[in-house]
Amino acid sequence: AQSVTQLGSHVSVSEGALVLLRCNYSSSVPPYLFWYVQYPNQGLQLLLKYTSAATLVKGINGFEAEFKKSETSFHLTKPSAHMSDAAEYFCAVSPHQTGANNLFFGTGTRLTVIP
Amino acid sequence: EAQVTQNPRYLITVTGKKLTVTCSQNMNHEYMSWYRQDPGLGLRQIYYSMNVEVTDKGDVPEGYKVSRKEKRNFPLILESPSPNQTSLYFCASTSRGRGNTEAFFGQGTRLTVV
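Residue numbers (the numbering used here), protein chains in the order written: chain B, 13 to 127; chain P, 39 to 152.
In case anyone wonders, no lab produced these hints; they're calculated from the structure. Heads up, a few of these hints could be off.
[Stated by the list, open to error] If you only want the chain P side, here are some residues facing chain B, beta carbon under 7 Å, derived:
hint, residue
1, Ala40
2, Gly54
3, Tyr69
4, Gly80
5, Glu140
6, Gln145
[What the hints assert, rightly or not] Listed next, the stretches of chain B that the computed footprint assigns to chain P, with coverage defined by at least 3 CB atoms under 8 Å from CB atoms of chain P:
hint, stretch
7, 52 to 62
8, 115 to 125
Ideal placement from N, C-alpha and C gives every residue a C-beta, glycine not left out.
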């Protein structure tokens with residue numbers, strides 16, 4: 013069974029500080045992993061995805077994530093937070109055979125950026 | 039512009055009154071899905087479709103129906119809505135393939151059942 017755990021339902025950082033959002037997955041085989049962002053009153057937008065190529069994945073808006081098999085983790089980072097990064101972030105996993113067609117989401121982390 | 043369009047965006051209805059939420063995509067994607075989003079639970083898949091006339095249950099299918107008569111449309115049907123179906127609903131479409139794909143999401147439909 014596929015599942016993800018996002019540690020911390022709310023994270024606050026100061027503008028310019030490092031952003032670190034945690035995601036751990038549970039899967040019998042290495043899955044595909046995704047990070048999505050949801051801005052208020054909007055749908056979900058893909059930030060980045062891991063599909064068994066490079067373990068360090070770069071996404072949009074300066075975000076990146078590193079796949080660590082030994083830790084079953086896929087944490088999202090950004091070196092310097094911007095006010096526009098305030099949103100809810102979801103980590104998701106999918107089985108290898110179906111890819112993004114069947115996504116299992118974490119419970120989300122709401123990021124607040126303090127001026 | 040590539041997009042997934044859901045209608046309506048907001049809906050308030052009464053218990054037991056049948057409703058349909060429409061979803062349409064213009065990317066010629068084979069795969070389409072419905073998710074519901076609830077506070078503290080993230081998004082959970084309700085139903086998905088791998089092609090026309092091919093649908094299957096997701097994690098939380100109870101109380102919902104879907105149909106896929108055309109490739110571009112994937113309506114979500116609540117035959118007899120109940121208050122526990124009050125939620126934010128998202129439709130998504132994905133091109134055929136495995137990991138090298140991306141799910142495109144609609145803007146969401148906020149449903150309230152009273």
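Here's how the hints hold up against the structure:
{"no.": "1", "hint": "Ala40", "verdict": "violated (13 Å)"}
{"no.": "2", "hint": "Gly54", "verdict": "violated (28 Å)"}
{"no.": "3", "hint": "Tyr69", "verdict": "holds (4 Å)"}
{"no.": "4", "hint": "Gly80", "verdict": "holds (4 Å)"}
{"no.": "5", "hint": "Glu140", "verdict": "holds (5 Å)"}
{"no.": "6", "hint": "Gln145", "verdict": "holds (5 Å)"}
{"no.": "7", "hint": "52 to 62", "verdict": "holds (count 7)"}
{"no.": "8", "hint": "115 to 125", "verdict": "holds (count 6)"}
Comparing the model with each earlier hint shows violations of hints 1, 2; every other hint is respected.
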